[in-house]
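Colleague: Protein sequence lines, in the order shown, are assigned to chains H and R. For the first sequence, the working numbering assigns the number 1 to the initial residue and increments by one for each residue that follows. For the second sequence, the working numbering assigns the number 1 to the initial residue and increments by one for each residue that follows.
Bear in mind the hints are in silico, worked out from the structure with no lab data behind them. All residues carry an ideal CB built from backbone N, CA and C; glycine is no exception. Among these hints, one or two may not hold up.
Covered stretches of chain R, as calculated for chain H (at least 3 residues, CB under 8 Å) [claimed, not checked]:
#, region
1, 10-16
2, 24-31
3, 34-40
The list that follows gives simulated cross-link-like pairs (lysine-lysine, DSSO-like), each with its CA atoms no further than 30 Å apart [to be verified]:
#, chain 1, residue 1, chain 2, residue 2
4, H, Lys-145, H, Lys-124
5, R, Lys-8, H, Lys-162
6, H, Lys-13, H, Lys-124
7, H, Lys-124, R, Lys-8
8, H, Lys-162, H, Lys-124
9, H, Lys-145, H, Lys-13
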Amino acid sequence: MGAIFVDDNEYRKHRLRESEQALGLLGVARTDQHYLGLPDSSLALSKHTASIATAIAHIVRRDSVNALVTLGEHGYCGHTDHAASHRAAALALHILAIHRYRPPVFSLNQRGEGSIQIPVDRNKKLGALAFHRTQMHFIQGDDGKLVPEPMFFTRFQKTYGKLFTAETYDILPGISRLGSRAA
Amino acid sequence: MHTPFENKTILTVGAHPDDIETHFAGAIAQSSRAIALVATDGEASTLNYSGRYLCRR
Chain H
1 MGAIFVDDNE YRKHRLRESE QALGLLGVAR TDQHYLGLPD SSLALSKHTA
51 SIATAIAHIV RRDSVNALVT LGEHGYCGHT DHAASHRAAA LALHILAIHR
101 YRPPVFSLNQ RGEGSIQIPV DRNKKLGALA FHRTQMHFIQ GDDGKLVPEP
151 MFFTRFQKTY GKLFTAETYD ILPGISRLGS RAA
Chain R
1 MHTPFENKTI LTVGAHPDDI ETHFAGAIAQ SSRAIALVAT DGEASTLNYS
51 GRYLCRR
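This is chain H alone, in the form it adopts within the complex (with noise of 0.2 Å):
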């Protein structure tokens, strides 16, 4: 059993707080969450790729971002909106060069064997996701109140779960070796 939004401002804003809450926890501020609101399975068409690489070069000269963490050129699971947000933030780096701005990217590496390893606290990534409540599964327990699914998150680690020890990262290719005004 799960939330059934019929009325998209809604669920818009019930997805926004969700994300809220979970970067808050991670400790990510608020002022530091910047959410573009393009429709899903959109990222692909050139004009939205075009104004998220915008947004990230804004971003990067005016918070002087020392670098770019991306879900890599497959986009981890090859759903096609990460891997152009992947797209996106290299387009970008064509825009902060004008700038003499070359943050360097880190692309996560869908098999887990990036040059960079990163250990995860494991308890914290599962509290953070905890507060995507529309996008978990429910059941009714004893007591009859509506309690997580159990096997949801165990399910989710099944498929993300290299994720869940250590995240790895490769530099985009061609960047490592540029300077960086931002560092």
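Add chain R to chain H, keeping to what the hints say.
Modeller: This is chain R only, laid out in the frame that chain H set:
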């Protein structure tokens, strides 16, 4: 262990709400400041990617 994100401001780029949490929580923890960019309006999610989407459009 030294990582490239220590004492750095990083910009994490995700497509859906929950992408940042699923994929980049470790990098965020290592950074001194993490900024998150979520590109879509949140119809889909990585959490529910392999299952049915709960939003009806």
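Colleague: For each hint, tell me whether it holds in the structure or not.
Modeller: Each hint tested on the structure:
1. Here's how the region 10-16 of chain R fares: 7 of its residues keep a CB closer than 8 Å to some CB of chain H, so the rule of at least three is met and the hint holds.
2. Counting residues of the region 24-31 of chain R whose C-beta sits closer than 8 Å to any C-beta of chain H gives 7, which meets the bar of three, so the coverage hint holds.
3. Coverage of the region 34-40 of chain R by chain H holds [criterion: at least 3 residues with CB-CB distance below 8 Å; count 7].
4. This hinted pair checks out: H:Lys-145 and H:Lys-124 have alpha carbons roughly 25 Å apart, not beyond 30 Å.
5. Of the supplied pair hints, the one linking R:Lys-8 and H:Lys-162 holds, its CA atoms being roughly 24 Å apart against a limit of 30 Å.
6. Proximity of H:Lys-13 to H:Lys-124 is assessed by CA-CA distance (about 24 Å); at most 30 Å being required, the pair is judged to hold.
7. Between H:Lys-124 and R:Lys-8 the CA atoms are separated by roughly 21 Å; this keeps the pair inside 30 Å, and the hint holds.
8. In summary, the hint linking H:Lys-162 to H:Lys-124 is supported, as the alpha carbons are separated by about 15 Å, within the 30 Å threshold.
9. A C-alpha spacing of about 24 Å is found between H:Lys-145 and H:Lys-13, which places the hinted pair at or below 30 Å, so the restraint holds.
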